[in-house]
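**Q** Sequence:
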Amino acid sequence: MEGRISADLLRGHTDTIVLGILMENDAYGYQIYKTIMDRTDGLYQLKEATLYSSYKRLEKEACIVAYWGDESQGGRRKYYRITDKGHVQYKQNIADWAFTQRILNRLLKKEDN
1 MEGRISADLL RGHTDTIVLG ILMENDAYGY QIYKTIMDRT DGLYQLKEAT
51 LYSSYKRLEK EACIVAYWGD ESQGGRRKYY RITDKGHVQY KQNIADWAFT
101 QRILNRLLKK EDN
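Residue 1 is where the sequence shown starts when you use full-length UniProt numbering, and the numbers rise one by one after that.
In short, the hints are calculated from the structure, not lab data.
Please note: incorrect hints may appear among the correct ones.
Within a straight-line C-alpha distance of at most 25 Å, the following computed DSS-like cross-link-like pairs (lysine-lysine) qualify [claimed, not checked]: (1) 34 <-> 91; (2) 60 <-> 34; (3) 56 <-> 34; (4) 47 <-> 60; (5) 56 <-> 109; (6) 56 <-> 85; (7) 78 <-> 56; (8) 85 <-> 60; (9) 47 <-> 78; (10) 91 <-> 60; (11) 78 <-> 34; (12) 60 <-> 78; (13) 47 <-> 34.
The structure displayed is predicted, hence computed values, not measured ones.
Based on the provided sequences and hints, a complete structural model is requested.
**A** Here it is in structure tokens:
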């Protein structure tokens, strides 16, 4: 029996996923979407509207900044860069996730790894 990912399960982690990708380097919207698809071998797909809502929320919270790239590679693309505040938020989200995972493992009677 193969598992599946519920949209509800990951809904609260979209911002962390985006921040994690931007920890590596700046990226534009579709590039972030593509990275998610590649890393999950296509098993998990976020809707573009969900991602763009995340970008706007993270910008408003000053966790990322947007800027326009040059037009040397086709159309003009909006890139996103993580800020110092975004780095701090990402690390806190990861710590929160690890804590949540430990609690869920206990509740599901699964040993901590």
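**Q** Any hints this thing doesn't respect? Which numbers, in order?
**A** 5
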